[in-house]
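Chains as they are written, first to last, in this note's numbering: chain F, 1 to 227; chain U, 1001 to 1080.
The set of hints was computed from the structure by calculation and includes no laboratory data. Fair warning: this is a prediction, and the values are worked out from it, not measured in the lab. Careful: at least some of the hints might be erroneous.
What the hints assert, rightly or not - Just the calculated beta-carbon pair ranges, DEER-fashion:
hint	chain 1	residue 1	chain 2	residue 2	range
1	F	LYS227	U	GLU1047	46 to 56 Å
2	U	ASP1032	F	GLN151	32 to 42 Å
3	U	LYS1056	F	LYS29	27 to 37 Å
4	U	VAL1046	F	ASN34	25 to 35 Å
What the hints assert, rightly or not - BS3-like, lysine-lysine: derived pairs with alpha carbons at most 25 Å apart:
hint	chain 1	residue 1	chain 2	residue 2
5	F	LYS121	F	LYS169
6	F	LYS192	F	LYS73
7	F	LYS191	U	LYS1064
8	U	LYS1075	U	LYS1034
9	F	LYS73	F	LYS2
10	F	LYS27	F	LYS40
11	F	LYS64	U	LYS1064
12	U	LYS1064	U	LYS1040
13	U	LYS1002	F	LYS105
14	U	LYS1053	F	LYS64
15	F	LYS105	U	LYS1053
16	U	LYS1055	F	LYS183
17	U	LYS1019	F	LYS73
18	F	LYS64	U	LYS1063
19	F	LYS66	U	LYS1063
20	U	LYS1064	U	LYS1010
21	U	LYS1010	F	LYS153
22	U	LYS1040	F	LYS64
23	F	LYS105	U	LYS1034
24	F	LYS64	U	LYS1056
25	F	LYS153	F	LYS105
26	F	LYS64	U	LYS1055
27	U	LYS1075	U	LYS1002
28	F	LYS105	F	LYS121
29	F	LYS227	F	LYS73
30	U	LYS1063	U	LYS1002
31	F	LYS23	F	LYS112
32	F	LYS66	U	LYS1064
33	U	LYS1019	F	LYS105
34	U	LYS1063	F	LYS73
35	U	LYS1064	U	LYS1034
36	F	LYS183	F	LYS153
37	U	LYS1019	U	LYS1075
38	F	LYS191	U	LYS1002
39	F	LYS183	U	LYS1019
40	U	LYS1075	F	LYS64
Backbone N, C-alpha and C fix where the C-beta goes; we use that ideal spot for every residue, glycine too.
Spelled out from the first residue to the last, the chains are:
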Amino acid sequence: MKSSVITFPGSNCDRDMDVALNKFGFKNKMIWHNDIELPKSDLVVLPGGFSYGDYLRCGSMASKSKIMQSVIKFANSGGLVMGICNGFQILVEAGLVPGVLLRNKYLEFICKNVFVKIGNKENPYFKNHEKNIFEFHIAHNEGNYFCTNEQLKEIEDNNQIAIYYCNEKGQTEEQFNPNGSIKNIAGILNKKRNVLGMMPHPERMIDQSLSGTDGSIFFKNLINNIK
Amino acid sequence: MKISAIITLKQDVLDPQGKVIHQTLDGMGFKDVKEVRQGKYFEIEVEENDPSKAKKLVEDICKKLLANLVIENYKIIETQ
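Bound conformation, chain F alone:
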């Protein structure tokens, strides 16, 4: 399985993602944002970081970069595109998933482990999981998911909410919402469910001695689903 991780100026989770993908069996290539052609890939990942210093709006500049034309084409033809954290912000700015990510409700940069619950298992990212609740890491300043009421209705009708913030028991009350996101949304799919944007970083949870292993479970399952 071939994957491509796009590096934008200011990306800083691109190499972690590279390590994670290679560890679980992907043959990963790092792609520079100024490249035009996307190599043949089974999965394209937009990594976390602070592309273009978060100027204007997080992800707005990166969403207009040269490689994104190819990424958008790839996504529109059904290719799997996953955006993590800043990658999620780039996806919303590119219009590949609905909504936007606003400044966290309490104006804090949040860096901690959170629990998330799977909202939709009928997609390549979360299908076949025995577990419903994962412990992932979040680190962001703009993760407050927002969309219009019409968009929210569409998202819910199409079952596009991939993961919700919750506690270790999977309860999704407002108190387990770290950043003010509508409906505790931590990750969202596009209509065709081949594009996933999420704030949590599974690539930071791939080693027990460093953090945890729920990311390992995520990536192992992902590659098995794609094969």
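Use these hints to put chain U onto chain F, whose structure you have.
The following block gives chain U in isolation, referenced to the frame of chain F:
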């Protein structure tokens, strides 16, 4: 000519920065402030000298990059 654009958050979008500024103003003794909403201001110099064409160009720029229309509105002002 110079065209300015003001980008503001739509009314139903939470603006925590504006809220904090309001609270700070309140603490400073500015008790008559009802609400503060923070936005962005851009000055754009374009080659075009026809005001309506220049505004149209900046409007296109606002739609495609400067504003995210899910949460923001834009207003264009001719400055020169």
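We went through each hint and held it up to the structure:
The hint said 46 to 56 Å for the Cβ distance between F/LYS227 and U/GLU1047, and at roughly 54 Å that hint holds. Taking 32 to 42 Å as the suggested C-beta distance range, the pair U/ASP1032 and F/GLN151 conforms, at roughly 37 Å. Taken as a hint, the range 27 to 37 Å is violated for the pair U/LYS1056 and F/LYS29, whose Cβ atoms sit roughly 42 Å apart. Take U/VAL1046 and F/ASN34: their Cβ atoms lie about 26 Å apart, and the range 25 to 35 Å holds.
Our distance criterion of 25 Å between C-alpha atoms is met by F/LYS121 and F/LYS169, whose separation comes to about 18 Å. Between F/LYS192 and F/LYS73 the alpha-carbon distance is near 14 Å, which keeps this suggested pair within the 25 Å criterion. With a C-alpha separation of about 23 Å, the suggested pairing of F/LYS191 with U/LYS1064 holds against the 25 Å cut-off. Taking the CA atoms of U/LYS1075 and U/LYS1034, the gap is about 22 Å. The hint holds against a cut of 25 Å.
Pair hint F/LYS73 plus F/LYS2 holds up; C-alpha atoms about 17 Å apart against a cutoff of 25 Å. This hinted pair checks out: F/LYS27 and F/LYS40 have alpha carbons roughly 11 Å apart, not beyond 25 Å. Pair hint F/LYS64 plus U/LYS1064 holds up; C-alpha atoms about 10 Å apart against a cutoff of 25 Å. Among the hinted pairs, U/LYS1064 with U/LYS1040 is consistent with the structure: their alpha-carbon atoms are about 16 Å apart, no more than 25 Å.
Taking the CA atoms of U/LYS1002 and F/LYS105, the gap is about 36 Å. The hint is violated against a cut of 25 Å. The hinted pair formed by U/LYS1053 and F/LYS64 meets the criterion: a straight-line CA distance of about 24 Å does not exceed 25 Å. Between F/LYS105 and U/LYS1053 the alpha-carbon distance is near 39 Å, which puts this suggested pair outside the 25 Å criterion. In summary, the hint linking U/LYS1055 to F/LYS183 is not supported, as the alpha carbons are separated by about 39 Å, beyond the 25 Å threshold.
Among the hinted pairs, U/LYS1019 with F/LYS73 is inconsistent with the structure: their alpha-carbon atoms are about 40 Å apart, more than 25 Å. At roughly 13 Å between alpha-carbon atoms, F/LYS64 and U/LYS1063 fall within 25 Å of each other, so this suggested pair holds. Restraint check for F/LYS66 and U/LYS1063: satisfied, since their Cα atoms lie roughly 19 Å apart, inside the 25 Å limit. Among the hinted pairs, U/LYS1064 with U/LYS1010 is consistent with the structure: their alpha-carbon atoms are about 17 Å apart, no more than 25 Å.
Proposed proximity of U/LYS1010 and F/LYS153 is supported: the alpha carbons are some 19 Å apart, at most 25 Å. As the CA atoms of U/LYS1040 and F/LYS64 are separated by approximately 20 Å, the hinted pair is consistent with the 25 Å bound. Of the pairs offered as hints, the one joining F/LYS105 and U/LYS1034 holds, with about 20 Å between alpha carbons and a cut-off of 25 Å not exceeded. As the CA atoms of F/LYS64 and U/LYS1056 are separated by approximately 21 Å, the hinted pair is consistent with the 25 Å bound.
With a CA separation close to 22 Å, the supplied pair F/LYS153 and F/LYS105 stays within the 25 Å bound. For the proposed pair F/LYS64 and U/LYS1055, the alpha carbon gap of about 22 Å is at most 25 Å, so the pair holds. As the CA atoms of U/LYS1075 and U/LYS1002 are separated by approximately 14 Å, the hinted pair is consistent with the 25 Å bound. At roughly 29 Å between alpha-carbon atoms, F/LYS105 and F/LYS121 are farther apart than 25 Å, so this suggested pair is violated.
Among the hinted pairs, F/LYS227 with F/LYS73 is consistent with the structure: their alpha-carbon atoms are about 22 Å apart, no more than 25 Å. Distance hint between U/LYS1063 and U/LYS1002 is fulfilled; the C-alpha atoms sit about 18 Å from each other, no more than 25 Å. Distance hint between F/LYS23 and F/LYS112 is fulfilled; the C-alpha atoms sit about 24 Å from each other, no more than 25 Å. For the suggested pair F/LYS66 and U/LYS1064, the alpha carbons sit about 15 Å apart, so the restraint of at most 25 Å is met.
At roughly 11 Å between alpha-carbon atoms, U/LYS1019 and F/LYS105 fall within 25 Å of each other, so this suggested pair holds. With a C-alpha separation of about 21 Å, the suggested pair U/LYS1063 and F/LYS73 falls inside the 25 Å cut-off, and the hint holds. For the proposed pair U/LYS1064 and U/LYS1034, the alpha carbon gap of about 33 Å is over 25 Å, so the pair is violated. Proposed proximity of F/LYS183 and F/LYS153 is supported: the alpha carbons are some 12 Å apart, at most 25 Å.
Using a Cα cut-off of 25 Å, the hinted pair U/LYS1019 and U/LYS1075 holds, with the two alpha carbons roughly 22 Å apart. For the suggested pair F/LYS191 and U/LYS1002, the alpha carbons sit about 41 Å apart, so the restraint of at most 25 Å is broken. Distance hint between F/LYS183 and U/LYS1019 is fulfilled; the C-alpha atoms sit about 22 Å from each other, no more than 25 Å. For the hint pairing U/LYS1075 with F/LYS64, the CA-to-CA distance comes to about 22 Å; that is within 25 Å, so the pair holds.
Checked against the numbered hints given earlier, this structure breaks hints 3, 13, 15, 16, 17, 28, 35 and 38; the rest are met.
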